[in-house]
Every structure is written in structure tokens, then in C-alpha cells.
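Chain order of the listed sequences is A and B. For the first sequence, my numbering assigns the number 1 to the initial residue and increments by one for each residue that follows. For the second sequence, my numbering assigns the number 1 to the initial residue and increments by one for each residue that follows.
These aren't lab readings, by the way, just hints derived from the structure by calculation. Please note that the accuracy of each hint is not assured.
[What the hints assert, rightly or not] SDA-like mimics (lysine to any residue), calculated; alpha carbons at most 25 angstroms apart, straight line:
(1) B:Lys311 - A:Ile77
(2) B:Lys311 - A:Ser112
(3) B:Lys22 - B:Thr478
(4) B:Lys441 - B:Leu352
(5) A:Lys76 - B:Ser314
(6) A:Lys174 - A:Thr234
(7) A:Lys90 - B:Leu105
(8) B:Lys22 - B:Thr131
(9) B:Lys22 - A:Gln15
(10) A:Lys185 - A:Glu30
(11) A:Lys90 - B:Asn474
(12) B:Lys325 - A:Glu86
(13) B:Lys398 - A:Asn13
(14) B:Lys34 - B:Leu18
[Claimed, not checked] Label pairs and their calculated CB-CB ranges:
(15) A:Val163 - B:Val275: 44 to 50 angstroms
(16) B:Leu549 - A:Asp152: 29 to 35 angstroms
(17) A:Thr69 - B:Pro110: 53 to 59 angstroms
(18) B:Val509 - A:Thr69: 48 to 54 angstroms
(19) A:Thr69 - B:Phe438: 54 to 60 angstroms
(20) A:Glu86 - B:Leu549: 15 to 21 angstroms
(21) B:Lys34 - A:Ile213: 36 to 42 angstroms
(22) B:Phe438 - A:Pro108: 44 to 50 angstroms
(23) A:Thr69 - B:Leu44: 40 to 46 angstroms
(24) A:Glu86 - B:Trp152: 54 to 60 angstroms
(25) A:His137 - B:Met260: 55 to 61 angstroms
(26) A:Pro108 - B:Ile511: 54 to 60 angstroms
(27) B:Thr518 - A:Pro108: 48 to 54 angstroms
Bear in mind that the values here come from a model prediction, so they are computed numbers and not experimental data. For every residue, glycine included, the Cβ atom is placed at its ideal position computed from N, Cα and C.
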Amino acid sequence: MIEFEKVSKSYNNGQVRAVDDLTLTINPGEIFGFLGPNGAGKTTAIKMLVGLLIHDSGSIKVNGIDTRTDPLAVKKITGYVPDQPEVYEKLTGLEYLNFIADVFRVPPVVRSRNIPRLLETFELTGVAGDLIQSYSHGMRQKILLTAALMHDPEVLILDEPMVGLDPRSAHLLKEIMREHCNRGKTLFFSTHVLEVAEKLCDRIGIINRGKLIACGTMQELRRMADIGNQSLETIFLELTEK
Amino acid sequence: MNPFFALTKTQFNQTFGLSVLKQKYFKRISQVWKPVGFLLLMGLALMPFEIGLIGFFNQFYTLLETTNQEPVLLTMAVLGGQLMVLLFGLFYLLSTFYFSGDLKLLLPLPLRPRDIIGAKMAVVLASEYLTLLPFIAPIFIVYGIRCEAAWWYWPFALAVFLLLPVIPLAISLILIIPLMRFTALVKNRDLFRILGSLAGVAIFVIFQLTVNRSGPGADGQQLQQWLSSEKVLSGIGGTVFLPVNWAVAALSLPAPLGAMAKLLAFAAVSLVPLVPVLPMAGKWFFRGVTGGYEVRSSGRRSRVITDAAFKSHSPVPAFLLRELKVFFRTPVFVLNGLIGYIIIPVILFISLQSNTMEETLPDNFQIRLIIALVAAGVIILNNSLSSIASTAISREGKMFWISKHLPLSAREQVTAKLMHSMIFPIIGAILIALIPYFFFKLTAAYFFLIVVLGVLGSLPAAEIGLIIDLIRPNLDWTDPQRAIKGFNGLLGFLAGVLIFGALALAGVVLIHYGVQLTLVCLFFSVAFLVLGLFLYWILARLAEKRYPLL
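All chains should be built: construct the whole structure from the sequences, respecting the hints.
Below is the structure:
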């Protein structure tokens, strides 16, 4: 479960409000899609959620644990993949995964079961022993996804996870996301691919200029936009142009 | 704007962070004090060092005056400066041409290779001026004032200073570009690049040996005799590097016309080689760069991962292991981080090799203790100069998000980084301690004393570096050499000089008041230990505070 309670974050001594009074709850077993135009505040909100940025006010809780008072406990139960697959180029894929497993204290039995399975799923087994510097953008994205899923986190947070993935990998990821939530775990992800959000998400939040302007199921969003049985793209354009 | 000038302007902007400075400090007038204050602080911190240098060169001038060999001071400046540029420029150029992240952006642009090489050379040249200035300016100033130089001495001195790094940089470029071309052909490129750079160190050592053989021993009388000999100038400079004599003559000849002729000769010999070198380098450049970007994978696609691949470690050792792997597999980090640990023992070895002090060293434990203290001082100074600790955070760059997201406290992370920063000082301490151990025939007890004192003193030095990097890390680099080449190393060194200088002064005072040397050694051990613990306490607290803000 993720809870944002009146969260704000500004830059340049308060001149730019990146996230403005965000209140949002994502329930266990739910896939939540976070949408918004470029620079709307999606990545800032996600970075605050995973502890990469400190919020100015409000509170963020993951499974009831405050990210500010006990950040390490939150990190232990979350898996995160950033929007840019920046990863140590001078390590091999396997070395990176082992490092993450060590720091997340994944027992050897679990890692020897999970790592080969995930590498196989993402078709990385053959290159796991190569330096990451030889990986393509999509392969880096997949090694980060493997690292995030390896310790079977309670909450999975993905920032633009489909970018750089080939259609097969994107399809596999969607299946993994659904399966993750079917086990009662939480998934929060941002995307610009509206079709994916429309088909995959239980609920969708739309953020614009730092403010959450709409949140709910597809049906609820249609009612809010007051445009009948239209696609998410039309709803998105309608709501963000207001 | 001409593409070359546009590129050069952008390179300067990128290297020295001019736009960042403008954006951060000069757009809001209330923030201007920060860079101004920083510059003032740097100036103040450098002042004792500069005053010390001026004092030293002033005394050296007086010594030279007795034998009418004052221009030797200028030879020292020009030859020393050029050697410095040859050595550091070689590494700098290597980093610039091999490891510049921006080359990927520049290659698709309609730029001629010579434009790219020229623009990058211009930035390296500017950096070399900044490196040389604190060492060369005091010499030129002392010489100019003491010999009551004519007015034209000053513009000539400026011209010599500006021309000084050109020849060694051109030599470095000649060495670097073919190396770059052939790098693309070998399998383990990173290893080849490191070995290529070590070849640069070998050149430096040969140079040093040549100069050392033509110089005097450490004996005072020998020095006097050598200085009064006719061939002193050509001995240390001319035979090795003829243009040095022209540069020195341009500043020391009494007649302006004669001096001008020498200056023009120095300028010609500095600039003319660039005419063929730049286009020649351009011919090799593209193939070398593009070859360098080809990354080889194993090509094996059906590998089965065995359970042995999942060896587990505790979090802190795992973090330390990651630090070591990334460090050793990034050539620019290895080159810059370890250069001092190679060069300083080599220089010490060469300096002592030409002396015969051990034969005259009385069998006195007091003198041996002083040797041990001095050797420990060299170890600590060497570690203060190392950039390993002062770039420990910066080296993570854009990957810092991984460390921030790990369920590992900031205290544990900086502890692992401190452990990483202490591995090389321990090895360096042993290497340096071996030199006096063999040359002065010390016992094992003195050897251990040097190592223990050196390592204990290196701990606070590393902690100072880490603290500085925590306060002002550079995480926005696209080019790994930007991570390791910042002011943090210099700031760490200056802070180290202040703290260890104060401790050394306390030691001198104790000796002056007749305190036994064994007690002075004990004083240093306790002082280093207490300082190390205190700084660790600060470091751990600061890390917890700073990590979330970075």
C-alpha cells in the first residue's frame, strides 16, 4: 500500500512547484498508472516515494512505514526501476544482480531460484556474464527490472518501464506486473503509453503542473471528463488542456 | 561562428561548468557570494604554500648568486614545468581522447577531426596553465625582482609561461593518437590503455634518471661545485631539451634584441610542430575513436548459470567489492587514483639512489627515528594528494540513485568507501617504507613504525577527502574524468596540509623542548588515532544528513 498525504515539493527556493499538495492512496493488489505531460511532476513524485528526493511537506507511507522516519525499512520492501537505465557499466549483469541481492539480503537459495528464472524470462541468460557496457538500452532496462523483481518486493515502482523494451519484452513485463498484483502486492508505474495504462491499470492518476487533476478507474475518469465512452487518450487530452 | 571556435567555446563551458556557474550563482545576485567566497577561500588556503615557495626560491637565488648561476632558477622552472606537463598532460590527454563521453555527441556533427582535437587540446592547455601557475609564477616573480629585471622581462616571462606546455603536449599527442588507433585492435582495451599510460610513467622515469645523473649529490660541497661549473645550465636542461635553453636565455640575456631572438626561437620550436602534428592526429582520430566505442560481448548465447555464480556476501563487503570492481575497471579512475602511489616511491627511489647517505649515517637511533617520521610524513602527504577518497561519492555519478535506493545506511556506505580509500594508502605505506628500510639499513621495528604512523595518519587524510566530497560532490558528469578532476582533491590536500602542518609544528615544538623522540612518535600515533576517530564520527553523521539531499 502506498499513501501520499498532502505531499509538496518545490525547486528554486519555492519558485517552481514540482508536486503540489498530492494526496493519493494505492491499495494492495492494485496496478496504478500515473500519467501526465512532460514535466508534470511524475518522476519527482516517484523519486520522493523511493527516497531519492526529500519532500518539503506532507508524508509518504509504504505499507504504513513513513519514508522519512524509516527509509531503510521502506527500501527493503520496494523494487524500483528509474526512467533512465543508468547502471554500472563496468560490472557484468550477474555481478550487478549479485550485488543487489547481497545488499537486499536475498538468501542464496532464493537468488539461485529467482535470478535464472528472471534472466530466462527477459532473455538475458546468455549475456549475464558480459559487462553491462556491452548491453543495449533495452537490455539495461531488463537487467534493472530483474534486479527490482529479484527480492520479490511488496511494492514495485516503475518509472516509464516500457521505454526501450521490444514488443516481446513489453508483453512479458505486463504479464509480470499483473501476476505481481494478483499476489496482493502493489504496483505503481508512470507511462506515456496510454493504451498500456488503459488495458493494464486498475486505477489511473493524471498529474498536471504538479497537481493531481484526476484519479480513478477508467469509468470514473470518463465521468470526470464528461465525454462519454471515449479512449484514455481523449480523456487525457481533455483533462490536461483545461 | 566558425565551427572550431564554437566547439572550443562549448568545450570550455562544459569543462569548467561556466553555464552551471552562471545559472546557479550569477542569475541571482544573492548567490554571487558563494563562488566569490570559494575563490577567496582557495586563495587564502594557497597563500601559505605560495609564501613558502617564494621563500624557498628566494633562498635558492641567494645560493645561486654566489656562483653567478642565477638563471639555473629559470631552468628549473621551465624544465620542471615541461616535465610536469609531459607527465600529467599525457594522462590528461589520454583521458580526454579515450574516455570523453561527449565524443559520442561530437562524432556525428560535421566537424573536422582537427577541429575536435584542437578544441580539446585548447581545454587541456588551459587546465595545464592553471596547474602550472602556482609553481612557475613564484619562480618568475622571485627571479624578476631579485635580478631587477628590465621592463620587457615581464611580458617575455608571460610569453614563456604561455608557450611552456605546448611542446610537451604535442609530444603527448604524438604518443596518444597512435596508441588510440591500436587500442581498437586489441582485445582488452582498458588494460592496453593503462599499460600505455604506464609507458608514459616510464618515459618520466627515464627523464628523471637522465636529469639526476647530470645533477649533483645531496652533499652541500658537491652542490656548490656543481653550481659553479660552466656546464650547469646545459647539464640539467640543454642536453635533455634544447628549447629549454632558449626559453631561459629569453629571460636572462641582458640585451632585449638577443632575448627577443631566443624567445622567437622558443616560440617557433613550440608552435611549428603543431602544423604537421594536428592534421596527422586528425587522420588517425576517427578510426581510433570509433574503434574505441566497439564493445565486445562474449558472443556466447546459451550459457547456463551455475549455483557457484550466486556467492553471497554481507552488505558492507558487497558494497566494498562493488567499489573496487568499478574503480579497477574504469581506466581513468585507476590512472588518476593510483598515479601518486607509483610515482612517489619511484621518485624517492631515484632520489636516494644517487646519494650515498647510508654510508655516512651515524649509528644513532635518534636520526633513524627522524627518518621514520619524515618517511611517515611523505606517506601521509602522498595520501593527502590522492583523489580516491575525495572523489568517492562523485565517481558514482548518475548511478548514485542505486546507492541511495539501497537498504544500506549512509553510514555503512561511507564506511565501505573509507575502507576502499584506505587499501591503497596501506599498500603505498609499505612501498614507501621499504625504500628507507633498504637505503638506510633500518631494522624491521623502524619499518613497522613508518607503516603504522603512515597508515594512522592516512586515515584522517582519507576522511577529510570523503567529507569534502560529501559536501560538494560532482554527480552530473557524462565523462568519468570530470568526476575525478575537480577541486575536491585540491581542497582535501589543502585541508590536509593545514591539519597535518599544525601537527608537524607541534612535533617540532616538542622536539625543540627536548621531549624524547619516542614520545614524539607516541604523540603522533595518539593524535592521528584521536583525529581519525573524531573525523569518522563527523563523517558518519554528515553522511546520514547529506545522502538524502544529494
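To see whether the hints hold, each was checked on the structure:
1. B:Lys311 - A:Ile77: holds, 22 angstroms
2. B:Lys311 - A:Ser112: Within the cut-off at roughly 9 angstroms; holds.
3. B:Lys22 - B:Thr478: holds, 20 angstroms
4. B:Lys441 - B:Leu352: holds, 13 angstroms
5. A:Lys76 - B:Ser314: Measuring from Cα to Cα gives roughly 15 angstroms; hence the hint holds.
6. A:Lys174 - A:Thr234: holds, 23 angstroms
7. A:Lys90 - B:Leu105: holds, 21 angstroms
8. B:Lys22 - B:Thr131: holds, 24 angstroms
9. B:Lys22 - A:Gln15: holds, 18 angstroms
10. A:Lys185 - A:Glu30: Cα-Cα ~7 angstroms, so holds.
11. A:Lys90 - B:Asn474: holds, 19 angstroms
12. B:Lys325 - A:Glu86: holds, 17 angstroms
13. B:Lys398 - A:Asn13: holds, 24 angstroms
14. B:Lys34 - B:Leu18: The given pair, whose Cα atoms are some 15 angstroms apart, holds under the 25 angstroms limit.
15. A:Val163 - B:Val275: 44 to 50 angstroms: 48 angstroms Cβ-Cβ, so the 44 to 50 angstroms window holds.
16. B:Leu549 - A:Asp152: 29 to 35 angstroms: At 31 angstroms between Cβs, range holds.
17. A:Thr69 - B:Pro110: 53 to 59 angstroms: holds, 55 angstroms
18. B:Val509 - A:Thr69: 48 to 54 angstroms: holds, 50 angstroms
19. A:Thr69 - B:Phe438: 54 to 60 angstroms: holds, 58 angstroms
20. A:Glu86 - B:Leu549: 15 to 21 angstroms: Given a distance of about 19 angstroms, which is inside 15 to 21 angstroms, the answer is holds.
21. B:Lys34 - A:Ile213: 36 to 42 angstroms: holds, 38 angstroms
22. B:Phe438 - A:Pro108: 44 to 50 angstroms: 47 angstroms Cβ-Cβ, so the 44 to 50 angstroms window holds.
23. A:Thr69 - B:Leu44: 40 to 46 angstroms: holds, 41 angstroms
24. A:Glu86 - B:Trp152: 54 to 60 angstroms: holds, 55 angstroms
25. A:His137 - B:Met260: 55 to 61 angstroms: Since the Cβ atoms of A:His137 and B:Met260 sit about 59 angstroms apart, the hinted range of 55 to 61 angstroms holds.
26. A:Pro108 - B:Ile511: 54 to 60 angstroms: holds, 57 angstroms
27. B:Thr518 - A:Pro108: 48 to 54 angstroms: holds, 51 angstroms
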